[in-house]
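Protein chains in written order, with the numbering used here: chain A, 1 to 598; chain B, 1 to 183; chain C, 1 to 235.
Please note: incorrect hints may appear among the correct ones.
Said to hold, decoys possible - Facing chain A, from chain C, some residues (calculated, C-beta under 8 Å):
id: 1; residue: 4
id: 2; residue: 8
id: 3; residue: 10
id: 4; residue: 11
id: 5; residue: 12
id: 6; residue: 68
id: 7; residue: 86
id: 8; residue: 128
id: 9; residue: 138
id: 10; residue: 141
id: 11; residue: 178
As the list claims (entries may be wrong) - Simulated crosslink set (BS3-like; lysine-lysine; CA at most 30 Å straight-line):
id: 12; chain 1: C; residue 1: 223; chain 2: A; residue 2: 64
id: 13; chain 1: A; residue 1: 561; chain 2: C; residue 2: 206
id: 14; chain 1: C; residue 1: 206; chain 2: A; residue 2: 539
id: 15; chain 1: C; residue 1: 18; chain 2: C; residue 2: 54
id: 16; chain 1: A; residue 1: 570; chain 2: B; residue 2: 174
id: 17; chain 1: A; residue 1: 572; chain 2: B; residue 2: 71
id: 18; chain 1: A; residue 1: 64; chain 2: A; residue 2: 198
id: 19; chain 1: A; residue 1: 135; chain 2: A; residue 2: 152
id: 20; chain 1: A; residue 1: 65; chain 2: A; residue 2: 203
id: 21; chain 1: B; residue 1: 75; chain 2: A; residue 2: 516
id: 22; chain 1: C; residue 1: 18; chain 2: A; residue 2: 65
id: 23; chain 1: C; residue 1: 43; chain 2: C; residue 2: 18
id: 24; chain 1: C; residue 1: 131; chain 2: B; residue 2: 174
id: 25; chain 1: A; residue 1: 369; chain 2: C; residue 2: 18
id: 26; chain 1: A; residue 1: 539; chain 2: C; residue 2: 131
id: 27; chain 1: A; residue 1: 235; chain 2: C; residue 2: 163
id: 28; chain 1: A; residue 1: 11; chain 2: C; residue 2: 163
id: 29; chain 1: C; residue 1: 163; chain 2: A; residue 2: 538
id: 30; chain 1: C; residue 1: 206; chain 2: C; residue 2: 160
Hints listed in this document are in silico derivations from the structure and should not be mistaken for laboratory results.
Yeah, the Cβ is synthetic: ideal placement off N, Cα and C, and Gly gets one too.
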Amino acid sequence: MNSQVQIAVEKYGKDASRLMDMFHHLMHEKGFVDDEDLNQMAEALDISKVDAEQTLSYYHFFNKKSRGKFSIYLNNSLVSQMMGRAEIAEAFEKATATEFGKVSADGMFGLFNTSCIGMNDQEPAAIINGVVFPKITTYRVRELIREFRAGKTAPEMINSYGGGQNQSSLVQAMVTNNLNRRGSVIFADYTPGEALKKLPNMKSRDIIEEVKNSNLRGRGGAGFPVGLKWDFCTKSPSEDRYLLCNADEGEPGTFKDRVILTETPHLLFEGMIIAGYAIGAKEGILYLRLEYEYLEKLLESVLDNFRKKGLLGKNVLGIEGFNFDIRIQFGAGAYVCGEESALIESCEGKRGEPRNRPPFPVQVGYLNKPTVVNNVETLCSVVKIILNGAEWYKSMGTKESSGTKLLSISGDVKYPGVFEIEWGMTIHEMLEMSGAMHPKAVQVGGPSGRLIAENEFERTICYEDLPTGGAMIVLGQNRNILEVALNFTEFFIEESCGSCAPCRYLTVILRNKLKKIMDGKGVAKDIDDLVHWGQQMKKANRCGLGQTAANPILTSIENFKQDYMTKIEKGKEFDTKFNLEAAIQESSRAVGRFPQTY
Amino acid sequence: MSKPIVATTSLAGCFGCHMSLLDIDDRILQLIDLVDFNKSPVDDIKEFTEMCDIGLIEGGCCNSENVHVLKDFRKNCKVLVSVGECAIMGGLPALRNNIPIKECLEEAYLNGPSTKNANPERIMPNNEELPIILDKVYPCHEIVKIDYYLPGCPPRADLIWNALIALVTGDELKLPYEVVKFD
Amino acid sequence: MSEQVKFTIDGKACKTQKGTNLVEAAKENGIYIPVLCHLEGIKPAGSCRICNVKVNGRFMTACTTEVSDGMVIENITPEIQELRKIIVETLFVSGNHFCPACEKSGNCELQALGYRYQMMVPRFPYEFEEKEVDATSQKFYIDRNRCVLCKRCVRSVKTKDGKSIFAILGRGHQAVINIDHELANQLSDEEAQEVMNTCPVGSILKKERGYVDPIGSRKYDNKPIGSEIEQITNL
């Protein structure tokens, strides 16, 4: 057996549910996982090869062939485009003599597009062999490629450290925090471990009640009451329970968890311990998107410190029988894994496809045991609720939205970054706070959210009015709304897991129709079709991602119909964009005939 | 009162749909009472001589001539009907749609079993008089507006009959389960 | 005897045993809810979404939902029928379905749904995306032009020791069905026939066999899919 496969399989106890980790091991060692590896893994794990391959092929950052000595993943999300991605992409192609999607002939460079990498406040950004290169310029592209050719490695090309923990010896990243506003909960001053001291004097029931009383709701976007979720979990009879933390923030425009993980990872782990104690979990898993792999050493060192201090392991905090540890599970590039049941599937070494519900994860979750999945920000909030009490927490925010919310603001603003606000701020205030420049629209909650126009700028950010996971992309007056809808729709096409038929292909149909309009070949009925077809997505699909995949098109038509109308052909009721001249080009060439029009 | 005028054509089709039209058997006598034919292989009228009420299109568009004829039909018929799978979705000719044209032509004229040794000069038809092949076979409604569709390969004679009667009389189209088929 | 539950479908009073899924529950009461990815006896996937119904006002897939007492189910409403029709049409243009040349024509469940929803033409443009045909297995071939990714084969076809013979490869609209040829070649002829029967469309076909039933005597030539259920009188 290939020794690396053997090492990988044995490192994870020949447990097929750790397939993701085994693939990561091989990717690190070899840069790919080929058929031979898959065959050997299948044999060692006693599964069929196609089963192993179906997991491998699901994830963007796994591959069967080498993606070059330097694998360059350039973000192609909207804000990257707005900040000049096209120019950077061209520079990469020129410098490496390679096209996107390909590896250079000498095997040196692979150029690939990738969905939002959580760096919207410092775009255009790329990940090269795991190292994040933010704010890339064409000058920098040429420099990087030149130096790589001369023998430098990606880490050797780090030429600055971002602030805060980014400059710690464990991180050493060029990423900047852009923490532009600290609030009273997540980023308030805090002595690590303080909240945990209260744990030995509290029963798990007390914690759940406190969290329930605080009215804390899930910060990932769906806003489910946290205490209630924990309550449901404890009521599912089982010996084992699990606590999963969702650090997959894949919604384009979100990067708040990145800053938490960089600056206050201890807060998150404390939150996980509190939650684990509350629900009686035996293990916690931090599901971390691979884009944030550069934080691995830091996070592992914090976990090690916790173990040394008795905050993880056997009888945590001296509480008899509370055995709890945390492991990090890396994703591998799949937006859908941010959906809680897909995240569970991924943790089990499978394709990250959302499950049918019921049963809910709190009943049947990770390894079929009752499982709570909470967002990073949610778990951090829990720590402060336990420390300061539910009443303190409720004193902030609005009636139905207590506490604070982290906003990731990017796009056409002077100060892109993370802002911790109290719920109840208006969009207008938010724009002012971040130094928005002639805003025309705001994408609230990322592509799966809503594109709003000026007439909604007085709405308030809270569950009662405009709920959001916190991604705010500001679009200036000269931005093309249809380009925005196209970028987001293509994102959904790329990221659909492919399970539900409408999400798998209706998205492609919608994209093609949108492009037809953008090409100036649209008629009025095409807009009506987009709306009617798009509305089916919400009804038809299983998960929240599929249900919202038409939102970019639907909400942009709802609020910027005029932008569509100006592209529509005047006085025409029918146009299929068929072009005879274009249609005969190929055969004219094949027979050596001068193209003619009929 | 003048009778409604019908025109028909076969583009990239096999004439099977026309055969199916003839399959209405003795009802053809009723049909002749009901309508007049203009441009159609049925009466061999080559060019439109007047505005028609109904155009029946068999076959999709695989070359420039098909496109020309289809557009001519659209111009000269008030109602256009796609008859059969080829008109509706390209049909069997569209099996070539994801094979590069060059490969198709080489197989047909240079390398295929019937041409391999019969075309020593390796000539590919290339006369200006000949229509030129399109990049793929197009369903008719992806080129001009089509008003109605009659699926089938061929559409059952009863379906064609029911449709014609409905169009001529303005009555509702009857679609019993047995008559609507995709093969 | 297990517990009885009462519920309504489009206003009609129905009853069944507790724990039954909505597709089966409807069937027992002589009501057809269309399915494509669902296959009796295997775990429902809820992936084709055609069995979408409204349960107490919310869209749910019938195959993955257990009936409970007092449920109010809507099955045939203009909104639901339109959704189903759109899904059928989406599936027709997402593949390359040349019905006239397909061995499964007349016995194909997708085609039968096309008939049931009177699809004269899909409203969406055909894209004619290139798909691969894989004929390297000894007993059957897989034509991905016709595949609707129902995952019936993935879920139901296993070796005796429980290994998968079929699995998904890739994701999104580029996902395809992948075969483990080595395991597939170990199937008996009867098992290979079973595999073919599992496929609702003409994507998995047994080799050296085709066009067995003459036109006119195929499953969906004369009666719509679901009509066998609708004939059952209320129990």
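Starting from the hint list further up, note which numbers the structure goes against and sort them upward.
Hints 1, 2, 3, 4, 5, 6, 8, 9, 10, 12, 13, 14, 16, 18, 20, 22, 24, 27, 29 not satisfied by this model.
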